[in-house]
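**Student:** Could you build the full structure based on these sequences and the hints that come with them?
For the record, the sequence lines run as chains A and B. Everything in the first sequence is counted per the working numbering, starting at 8 for the first residue and increasing by one. Everything in the second sequence is counted per the working numbering, starting at 2 for the first residue and increasing by one.
Wrong hints could be hidden among the right ones.
Unchecked claim - Quick list of in silico lysine-lysine cross-link-like pairs, DSS-like style, CA-CA up to 30 Å:
| id | chain 1 | residue 1 | chain 2 | residue 2 |
| --- | --- | --- | --- | --- |
| 1 | A | K187 | B | K128 |
| 2 | B | K162 | B | K128 |
| 3 | A | K215 | B | K144 |
| 4 | A | K55 | A | K332 |
| 5 | A | K184 | B | K34 |
| 6 | B | K34 | A | K270 |
Claimed, not checked - Covered stretches of chain B, as calculated for chain A (at least 3 residues, CB under 8 Å):
| id | segment |
| --- | --- |
| 7 | 20–31 |
| 8 | 35–47 |
In short, the hints are calculated from the structure, not lab data. Yeah, the Cβ is synthetic: ideal placement off N, Cα and C, and Gly gets one too.
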Amino acid sequence: MKIAQKTIKFLAIIAVSFFTISGFASSTDKKQDNQNDGGRVNTKEEVKEYIQHHLKDSHDFNLWSYTNDAGERVHVSFPLPVILWSSKGLITFMSSEFHHNDDGHVIVEKNGLKFAKIHSKIYELDNGATTVSFDETHHATNGHKVIDLSITKSVFGILMIGLLMLFWFSGLAKQYKTRKVPIGFGRILEPLVLYVRDEIARPNIGDKHYRRFTGYLLTVFFFIWVLNLFGLTPLGFNVTGQIAVTACLAIFTLFVYTFSANKDYWGHVLWMPGIPVFVKPILAIIEIAGHFLIKPFSLLVRLFANITAGHVVLMSLIAIMFTLKKELGVVGATGLSFALSFLIILIEVLVAFLQAYIFTMLSALFIGMAVEEHEHH
Amino acid sequence: MEALLEDFSPGLFIISTILLLILIALMVKFAWKPILNSLEERESGIQDALAAAENARKEMQNLQADNERLVKEARAERDVMMKDARDIRDKMIADAKEDAKEVTTKLIENAQASIQQEKQAALAELKKNVAELSIGIAESVIKRELSSKKEQLKLVEETLKDVTLN
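**Tutor:** As C-alpha cells, this is what we get:
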C-alpha cells in the first residue's frame with residue numbers, strides 16, 4: 008500500500024514537471040539559421056562553439072533541441088527570470104523574451120532601456136542605439152554590461168542542490184530523534200558525514216578545534232560533490248565550472264581561515280621565528296601573498312579547471328559522433344564515441360568526488376594551519 | 002587570464018555568495034548540528050556501553066574469585082569440623098571406656114570387699130558354731146558318764162550328726 012502511494016506520488020511529480028516543461032517549451036527559434044541543415048551541430052567549429060556555449064552560464068534551462076519538419080530549430084526548455092540592475096534600477100523579465108538568441112540580435116525593451124544578450128552576458132544599449140554594433144573582435148561597441156542578478160541556470164542549480172541537501176540532511180537529522188541508527192537513504196548519508204568529519208576535518212584541524220568548522224566543511228563538500236555529479240547528467244549544469252562560483256567558495260574559505268587564525272599564526276606569517284632577521288621581511292611578503300592570494304587561487308582555479316576540462320573532454324568525445332562520421336561511418340563514429348565517453352565519464356565520476364574532497368581537504372588544512380597551537384620550544 | 006576574467010560574472014558571484022551563506026546557515030542549524038550531536042551522543046553511548054561491559058566482566062571475575070574463595074573456606078571449615086567431630090567421638094569413646102573400666106573395677110572391688118566381708122562373717126559364725134558345738138559336746142560328755150571309749154565316739158558322731166553346717 009505504501010509502495011503504491013509512493014509510486015503514485017512519483018508519477019504525479021513526473022507528470023507535473025512534464026506539463027510545466029511542455030507549457031514553457033517548444034518556442035521555435037526562427038533566427039538566422041544560415042545553414043541548410045536547420046542549425047544542427049555538425050562541423051568542428053559548431054561543436055567548438057556549442058561546447059563554449061555550454062561551459063558558460065545560460066539564462067534559460069535548455070533540455071534538448073531538435074529540428075522539426077519545417078527545418079526550424081526547436082528548443083525544448085523553460086525560461087528563467089532575468090533580474091538586472093541597470094542604469095534605471097531593478098528590471099525583471101523572463102528569459103524567453105530573448106528567444107534563445109545569444110548574439111545580440113534580439114533586443115528586449117523594458118522601462119525605455121534596450122537589452123541584448125551576447126554570449127550569455129546581458130548588455131544595456133546606449134541611449135539612441137537600436138541595434139548592437141560590433142567591432143572586429145565581436146565586442147559590443149555601443150553597450151555596456153549590467154549587473155546581472157538573474158536566476159540563471161547555475162543559480163537555479165545552486166537553489167536546487169541547496170534544497171535537495173536541506174531535504175536530505177534535515178531528514179537524516181530528524182531520524183536521530185527516533186532511532187540511533189538511520190534507515191533508508193540516511194544510511195548512505197551517515198557514513199559520508201562521518202567520512203568528512205573523521206577523515207577531513209578532524210585530522211587536518213585537530214581534535215580541539217575541528218567541531219567549529221565541521222559544519223562549513225560538510226556544506227562545502229556536499230555542495231561541490233553533488234553539483235559536480237549533477238554536471239555529469241544530461242541536465243547539463245556547469246555550476247562548479249563557473250569561475251564566479253568557485254571564487255565565491257574560495258573566498259569563503261579565505262574568510263574562515265583569516266578570521267579564525269590565532270596570534271601564533273599571524274606571528275609566524277609576519278615575523279617568522281628562527282631565521283636571520285634580514286630574511287624575515289621577505290618571508291613575510293611571501294607568507295602574506297600565500298595567505299591572501301596563493302591559497303584561495305589554488306582552490307578556485309583547481310576546481311574550476313578540473314570541472315571545465317572534464318566537461319570539454321566529455322563533450323568533445325561525444326562530438327566524435329559527428330566530427331568523425333565521414334571517416335568512420337555512422338556506426339563506427341557512434342561506437343567509438345560511446346566507448347570513449349563511457350570511459351571518461353567513469354573517470355569524471357571519480358573526479359567529481361576527488362575535487363570535492365580536495366577542496367574540502369585543503370580548506371581544512373588551511374584552517375588547521377591557522378588555528379594550530381605551536382609548542383614553544 | 003583575460004578569458005577567465007571575461008567569464009567571471011559578478012552577478013553570479015553576488016548571488017552565489019548570498020545563497021551559499023544562507024545554505025551554510027540553514028545546513029548548520031537544521032542538519033549538521035543535530036546530526037553531529039546525535040552522532041557524538043551515539044559514539045559516547047557506545048563507549049559507555051563498552052566500558053560498562055568491561056566493568057561487568059571484571060566484577061563477574063571478582064565475584065567468581067570470591068565464590069571460589071568462599072567454597073575453599075567452607076571446605077576447609079568443614080574439614081576442620083569433621084576432624085573435630087572425629088576427635089570428639091574418639092575422645093568420647095575413650096572416656097566411656099575409661100569410665101566403664103573404672104565402674105567395673107569399682108564393682109569388682111566392691112564385690113570382692115563384700116565377698117571378703119561375707120567370708121569373714123561366715124568364718125566368724127563358723128567359729129562361733131564350732132565353739133558352741135564344742136561346748137555342747139563337752140557338756141553332753143560331761144553330763145553322761147561315759148564308760149567306754151566306744152560309747153564316747155558313738156556319742157560324738159551322733160552329736161555331729163545333729164550339727165548342720167551352714
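**Student:** Hint by hint, which ones does this structure get wrong, listed from lowest number up?
**Tutor:** 1, 3
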